[in-house]
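Visitor: Chains as they are written, first to last, in this note's numbering: chain A, 266 to 514; chain B, 266 to 514; chain C, 266 to 514; chain D, 266 to 514; chain E, 266 to 514; chain F, 266 to 514; chain G, 266 to 514; chain H, 266 to 514.
Everything labelled a hint here was simulated from the structure, so no lab data went into it.
A couple of the hints might just be wrong.
Here are the computed lysine to aspartate or glutamate pairs in the DMTMM-like style, where the Cα-Cα straight-line distance is at most 25 Å [to be verified]:
1. K416(D) to D355(D)
2. K273(F) to D299(F)
3. K416(C) to E433(C)
4. K416(D) to E368(F)
5. K416(F) to E327(H)
6. K416(D) to E327(F)
7. K416(C) to D349(A)
8. K273(B) to D299(B)
9. K416(D) to D299(F)
10. K416(A) to E327(A)
11. K416(E) to E322(C)
12. K416(B) to E368(B)
13. K273(A) to E277(G)
14. K416(B) to E433(B)
15. K416(H) to E433(B)
16. K416(C) to E415(A)
17. K416(H) to E322(B)
18. K416(B) to E327(D)
19. K416(H) to E368(H)
20. K416(A) to D349(G)
21. K416(H) to E433(H)
22. K416(G) to D349(E)
23. K416(F) to E327(F)
24. K416(F) to E433(F)
25. K416(G) to E327(G)
26. K416(E) to E327(C)
27. K416(F) to E433(H)
28. K416(B) to E368(D)
29. K416(B) to D349(B)
30. K416(H) to E327(B)
31. K416(G) to E327(E)
32. K416(F) to E368(F)
There are 8 protein chains.
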Amino acid sequence: MNKDVLLKLLQEVATGTQTPQSAAQQLEYLACQDLGYAHVDHHRSLRKGFPEVIYGEGKSAEQIAGIMACMSSQERVILATRVDAGKARDVQGRFPDAQYHPEARMLVWSSAPPPPQGRGTVLVIAAGTSDLPVAMEAYITAQVMGNQVEKIIDVGVAGIHRLFRHREMLASASVLIVVAGMEGALPSVVAGMVSRPVIAVPTSIGYGVSLGGLTALFAMLNSCSSNVAVVNIDNGFGAGYVASMINRA
Amino acid sequence: MNKDVLLKLLQEVATGTQTPQSAAQQLEYLACQDLGYAHVDHHRSLRKGFPEVIYGEGKSAEQIAGIMACMSSQERVILATRVDAGKARDVQGRFPDAQYHPEARMLVWSSAPPPPQGRGTVLVIAAGTSDLPVAMEAYITAQVMGNQVEKIIDVGVAGIHRLFRHREMLASASVLIVVAGMEGALPSVVAGMVSRPVIAVPTSIGYGVSLGGLTALFAMLNSCSSNVAVVNIDNGFGAGYVASMINRA
Amino acid sequence: MNKDVLLKLLQEVATGTQTPQSAAQQLEYLACQDLGYAHVDHHRSLRKGFPEVIYGEGKSAEQIAGIMACMSSQERVILATRVDAGKARDVQGRFPDAQYHPEARMLVWSSAPPPPQGRGTVLVIAAGTSDLPVAMEAYITAQVMGNQVEKIIDVGVAGIHRLFRHREMLASASVLIVVAGMEGALPSVVAGMVSRPVIAVPTSIGYGVSLGGLTALFAMLNSCSSNVAVVNIDNGFGAGYVASMINRA
Amino acid sequence: MNKDVLLKLLQEVATGTQTPQSAAQQLEYLACQDLGYAHVDHHRSLRKGFPEVIYGEGKSAEQIAGIMACMSSQERVILATRVDAGKARDVQGRFPDAQYHPEARMLVWSSAPPPPQGRGTVLVIAAGTSDLPVAMEAYITAQVMGNQVEKIIDVGVAGIHRLFRHREMLASASVLIVVAGMEGALPSVVAGMVSRPVIAVPTSIGYGVSLGGLTALFAMLNSCSSNVAVVNIDNGFGAGYVASMINRA
Amino acid sequence: MNKDVLLKLLQEVATGTQTPQSAAQQLEYLACQDLGYAHVDHHRSLRKGFPEVIYGEGKSAEQIAGIMACMSSQERVILATRVDAGKARDVQGRFPDAQYHPEARMLVWSSAPPPPQGRGTVLVIAAGTSDLPVAMEAYITAQVMGNQVEKIIDVGVAGIHRLFRHREMLASASVLIVVAGMEGALPSVVAGMVSRPVIAVPTSIGYGVSLGGLTALFAMLNSCSSNVAVVNIDNGFGAGYVASMINRA
Amino acid sequence: MNKDVLLKLLQEVATGTQTPQSAAQQLEYLACQDLGYAHVDHHRSLRKGFPEVIYGEGKSAEQIAGIMACMSSQERVILATRVDAGKARDVQGRFPDAQYHPEARMLVWSSAPPPPQGRGTVLVIAAGTSDLPVAMEAYITAQVMGNQVEKIIDVGVAGIHRLFRHREMLASASVLIVVAGMEGALPSVVAGMVSRPVIAVPTSIGYGVSLGGLTALFAMLNSCSSNVAVVNIDNGFGAGYVASMINRA
Amino acid sequence: MNKDVLLKLLQEVATGTQTPQSAAQQLEYLACQDLGYAHVDHHRSLRKGFPEVIYGEGKSAEQIAGIMACMSSQERVILATRVDAGKARDVQGRFPDAQYHPEARMLVWSSAPPPPQGRGTVLVIAAGTSDLPVAMEAYITAQVMGNQVEKIIDVGVAGIHRLFRHREMLASASVLIVVAGMEGALPSVVAGMVSRPVIAVPTSIGYGVSLGGLTALFAMLNSCSSNVAVVNIDNGFGAGYVASMINRA
Amino acid sequence: MNKDVLLKLLQEVATGTQTPQSAAQQLEYLACQDLGYAHVDHHRSLRKGFPEVIYGEGKSAEQIAGIMACMSSQERVILATRVDAGKARDVQGRFPDAQYHPEARMLVWSSAPPPPQGRGTVLVIAAGTSDLPVAMEAYITAQVMGNQVEKIIDVGVAGIHRLFRHREMLASASVLIVVAGMEGALPSVVAGMVSRPVIAVPTSIGYGVSLGGLTALFAMLNSCSSNVAVVNIDNGFGAGYVASMINRA
């Protein structure tokens, strides 16, 4: 439920176009609609400035589309993460103008371009080519939330000079998202070069004692650079979201 | 090395008061002074806007004082973390105006009050009384770095109405630091109520499967609220530091 | 072996209709029938008030049907858990009136409706839509065991007001089952609101450091609310069973 | 805040002895008193039928006594857990009639004996002599909460006939608490013999791969008996509390 | 290389039928034949009384058959473990009289029945129906190695009276192999009833915190009965082998 | 309760010297004497051929002495493990003829030398000097249980020729106990050289990823030699006990 | 970028055949070519004496071929690891003279045989047949990097005499790579026999507590032989690479 | 036993000064002297070019001195690691010319300076001041083994320019030892800059998810630089030893 819908309703009450009772019912309905398998949280746009995001894993295409239908009357943009290609196709059957980003496994539906926001640029950096999908999830999330976003891919610490070529882009970013698997060393090095917050995203890329991303995660939490905070393994969406919150004016 | 020292040096070069050669030597010396047991990173103030912070664990009082002596000619403020009372007393023997915060185990020396910075208030919230030391480490760090800081203590989820009394203080904060041990649930609840970034700090408070804070850490990384990023267990300093970066204008 | 069968047998002995020797043989046979691959525990109804439940994982459809055949002469109800759709179809070939619940992967056969029991209502709460299958396993188990059961789905802590709408239903329940994955925070919050026992069920929903449900499990065991006890990850059946035991008059 | 205090207050409002405004202030004050280091939750007696319990670990004797002082005006009984002998002595300096149970490390203060409650007997069983402290924490908790409690000590599965001697006491209990370390097998065996809920408490007794109680905990969560729910390692208090909730009429 | 082949060779040397040089070459050849992908250890029969056993996992059918061909000239019996049905069929194409045990995933070839050995009976006990495959691996191994073997299936601790019916069979066994998954409690109970060594075999049966058998393994290693030794998870073969060693006269 | 005591009692019943009723009472009493903090299992000698062993960890000197007093009237030998020097001294104050083995932390009291038993020699091998205490616990246990025992110390795999010097002693042993920390490789090598059962005992010797003995334990459970069974970390007593069971005629 | 290409460029600058500006552009281009999904590090040959190696896991055949195309103009040899048969076929469609080693899952393209280097022989030893693929990855890597390489397969510690037959080959090697799964004991034994560095490679071969190779890894890191260093689980490539670095003259 | 002692003995045999029989006895004696608590491996100098090193942890001062006495007649140098100051003082009572290095906890006795060996310089790099003790253990080990050694301390990745100042020293080293705790990122960065083998040593410096050094260890094993091999946590000695092996001509 975005703010405009709410204001309009309250103005109708103020002007007597609508009784308080009927408005209350609508508010109740809007705030928290129970679909049986889901309680859609229409208030989230109001509380947090961005609507609820649909986590696609473990939901059927039908459930995803059902929640989208319920939200689409109230919201300007709907984001669904962790949606595989098959489910995406099924949902697009019902929402043909929803856009699917296969590399990031995200589905985006919007009735209007996001109003620009953010104090500066969000910069997404990935250590290796294999980290690309997670980096793209962060990239698209930040973009959909109205930020100016840029990216640098495959600049891992084994050839650290590749990173140094981009020193200016690093210095000018407002928030940095650094995505890395294996030993997870890149966020420490990047954070040591800038005076802005760095959101580190460990990925499950690697084998043996990469332990499905735990090693990169723990390394990032132990960063000897202090301007680093961390999100869950492969959680590109969360990184994009929190970076967006930080970048808000 | 703060910016003023650097500018003065370069102006002397520009005006011919000093040869480029002698300036280069000083810069080289200043940038990275080798104490034998430590390379003091004088450039960090320039690069990151705050000088290197001394991690006290595993360093002798003598080493801490040595690094402080080396920094004090260049910096306005020096912060040492994880300093126990005994070491603190020894260091204060040499730096009598250094202030010791026993509950946070921090030592702060400053030649001038920090210039105010920050767009808004940093709010520190602790789930329980036992989480107080970690919360205070975050509180003092953010304060020393020039932020307006406030705190709420002992509002854990077992009596969630205690948190709701402070709803306005939550809504008005610019960045929130939420400190919790045991099941680490508080950051999710807080983050669900605000539209600002939340830095979650797990603590090692608990027993059995609290696993020295791992359970709280993992819970926070799995937060179903998306505006949460996490730092290492008991890392109040890191939380204060990154919150400060976020809050910078 | 339900109590009636036993009493009838003993009365026959008492009235001389049957010799003690023949009765002993029948009891021996009934108590513990060896199928080669299974020892059916016919005494369990007597000892525990509900017959043995068939754990379907790792058993063939033929083994499941074999055990059901052996039990069906003695028991009013048979429950099989963790039965996938294929096996269920095969078993239904032999027990056409067995009912399959695909979302809960349970197979229920009964010759009569369960006699109502229980002091009050068992309330099943699930944090998210993805937790539905585990919640349904608990729901059906409690129902089959003769309880009045209700449910609330998708009221996770990221929008805690969704839960508060149901405050009365919470307050009036006799036992609560709370199902959650990811950070597993919901049981603490629910338990803080009621004065009845809460059975917490962690689910394997999540990724990265959800660790297949371990994080939710550990969080629940560390609950700062004291009226919480926990069962194994994804163990909806166990939660329904123990809640049923608690609810018994 | 117990119910009597609340009713008296509301009756005074009803009869005009007190204005709604002054009553509201008192309620506000009573509900959630902020001591600086703690928010005392005076409403908990109302919500949950038993006041907040003080977790002594990581709190100073002064903090414990401070919270007790704040509670003692409102509550009939105060319980503090994980209090070592030294702290206990210090607190008793201020509350001389508080009773200390050294084996359970609990401090109990009460202004009146607990009103009897509970439908039947709570039975505490411990596998070995070394599990006694945890068993006693459960025992005293259940007793203080108004239950009839009994106990059986050192009946581990290596000599299972020792347990069978007590078969009748098992059968007649309303709720059973089973405490065990090492391989944690006792709850499964006990639960197989009764038709009532069993609360299993793993202890940290053992060495090597007892892993500080994790092995016993995991074994109990995997119990092949279905009427078992589990609390945290060494959490005798939680077991006594939840058993008390179950036993309530 | 069995003892008879060796003796014959040495007698030929003693009687001059063969030169020491040619015998040495044969011995060298026989002792350790290098197939490129495997060094067949023909000496093992001599050193250990039973030939090398082929671990089928990660070997192709061709490699298995190659090693069998190399062994079959020297040995009376060949055992291959962890062979799936497909590989077994392929190997049987070359060794038609090799017998496949699908439930135990073992392939046995023998040119003669095993000479009876062993001081008494090896008894294999399995806690549940799902543990049957591992139990059968132990059963067949012990049988092939010349022991008298018996078995009891599905006598888990949730209905411990099922075990007690077999008390005499337990008491008369020379060595006991106890197979259990989930909480792994059965070996402790069995071992408490007998005065003979018990070999405990954890299985990977279970879910959640059964942790793929780790919980059962750790529980067994922590057994409060002292006459228990343990082998790896699902290692029925190893249990049968070591039981056979123990049972040897 | 040893067999002689039992037979004497039954003969008195047979000859009428004692009524069945009084004998039953004595048996009841003897079988399972309840000390409040312990249920002494007097039947264990009968069931298992060796009396209950007192696990000293977490028991007071007084409790140990109390159990010993209760056992000493019935048994020829009493063994207490994990008893530190201080407790031992206290117990010896009451049992002056109890012998303390400080390196093995064991207390042994016996009224007569153990009757010789065992088919052959039990051989205890330790990889390093630091493994000596655990090896001695195994050595003394086997000796007290009536076995012929020998030992070889410090023959780790880094200089494997040291082991080969003792080849004959290895070949002639009836059961082998192999004690090793760090990488735990010695049992595999020893077991590859003999045709008898090997009981492997991991120790907590090592640092870093020795993980308190877990690495040695897991290595031993993964032994590529099949005649290896394993006991808990540092469990020299268990190894000596199970070896004794194996060695029994 | 090999040294010849660089020198030629610089000589053209020196002789005026090319302007410094154009050379700089080429160098910039060559050093770090951005393919969008990868930054090819052409400088690596210069810095490290061997070009960047393509890690195939998580890259598409198209991406692999793209990087190869970019490298092939500059380098004499290209190595791609962890390439499955399907991807290999696709890449070979574009690079028909690339050679695929299926057992090692490696793809090698070279325009010329590697110039011989290395002070002596690199010897690869594998404990079992199942460790062959990892051993072959090490073997081919070392060979492609210009070393003389030899190998011994299936000489595990259960029949340690198989290893001793090859004592001379061990003594004459310059660097040894020892590959083992399960208990990972072989490197300790080998290292105890030689005075050269041993690179240990744990493999994921095994089951149960082999923990996907963690047990072998930890055992190797705890080796009681001091001339052992370790690489990641299944990392045959890394072992071959580091051995090659050691063997360089 | 160094080579000279051996040659002298054999020459005496060759010249008839000594009978083969007496020489054999001496060799047997020298090779493997049994002290009761230790088998001194006098052959190790011959086999490996450096005598056995005494691991001091878990050995008494008396045992250490006993082994030293036994070695001192045969060896030119004796090294004991993990010796605390107290034990060192006791050993020095008997070996007054043994030198103790408190920061590295090592005791070194030598009858002559080590003969120089090694192809080039061994360079020891430590990420932080707190890693100094482990770095010094590596430094002294390599030095005692006859290498030219240099060191750089406190050049962690948070200020990576501090490392770059030493680029030439890095490029000229023959082997590099890189010591780091926390996120363990330094070896990857260093290895990316050189073409020589890097031995990485994780330290237990850090807190929270540094997990006692496991995080640094796992990060190093996952290094995206291929010329890295790793030793156990805090194992400075092993790193110095293996580097020495690599550096040998």
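Visitor: Now, for every hint given, state plainly whether the structure supports it.
Guide: Going through the hints against the structure:
1. K416(D) to D355(D): 31 Å, violated
2. K273(F) to D299(F): Distance of about 24 Å is within 25 Å: holds.
3. K416(C) to E433(C): Holds, at roughly 13 Å.
4. K416(D) to E368(F): The hint is violated at about 38 Å.
5. K416(F) to E327(H): 22 Å, holds
6. K416(D) to E327(F): 22 Å, holds
7. K416(C) to D349(A): Not OK: K416(C) and D349(A) at ~30 Å, beyond 25 Å, violated.
8. K273(B) to D299(B): 23 Å, holds
9. K416(D) to D299(F): 12 Å, holds
10. K416(A) to E327(A): Roughly 34 Å between the alpha carbons, so the hint for K416(A) and E327(A) is violated.
11. K416(E) to E322(C): Satisfied, since the Cα-Cα distance of roughly 22 Å is no more than 25 Å.
12. K416(B) to E368(B): 15 Å, holds
13. K273(A) to E277(G): Roughly 74 Å separates the two Cα atoms, so the pair is violated.
14. K416(B) to E433(B): 13 Å, holds
15. K416(H) to E433(B): Not OK: K416(H) and E433(B) at ~56 Å, beyond 25 Å, violated.
16. K416(C) to E415(A): 46 Å, violated
17. K416(H) to E322(B): With a Cα-Cα distance of about 22 Å, the restraint between K416(H) and E322(B) holds, given a limit of 25 Å.
18. K416(B) to E327(D): It holds: about 22 Å lies between the C-alpha atoms, which stays within 25 Å.
19. K416(H) to E368(H): 15 Å, holds
20. K416(A) to D349(G): Violated - the C-alpha atoms of D349(G) and K416(A) are around 30 Å apart, more than 25 Å.
21. K416(H) to E433(H): Given pair K416(H), E433(H) holds - Cα atoms ~13 Å apart, limit 25 Å.
22. K416(G) to D349(E): 30 Å, violated
23. K416(F) to E327(F): 34 Å, violated
24. K416(F) to E433(F): At roughly 13 Å apart (the allowed maximum being 25 Å), E433(F) and K416(F) satisfy the hint.
25. K416(G) to E327(G): 34 Å, violated
26. K416(E) to E327(C): 22 Å, holds
27. K416(F) to E433(H): Cα-Cα ~56 Å, so violated.
28. K416(B) to E368(D): Violated - the C-alpha atoms of E368(D) and K416(B) are around 38 Å apart, more than 25 Å.
29. K416(B) to D349(B): Distance of about 24 Å is within 25 Å: holds.
30. K416(H) to E327(B): 22 Å, holds
31. K416(G) to E327(E): 21 Å, holds
32. K416(F) to E368(F): 15 Å, holds
When held up to the earlier numbered hints, the structure conflicts with 1, 4, 7, 10, 13, 15, 16, 20, 22, 23, 25, 27, 28 and fits the remainder.
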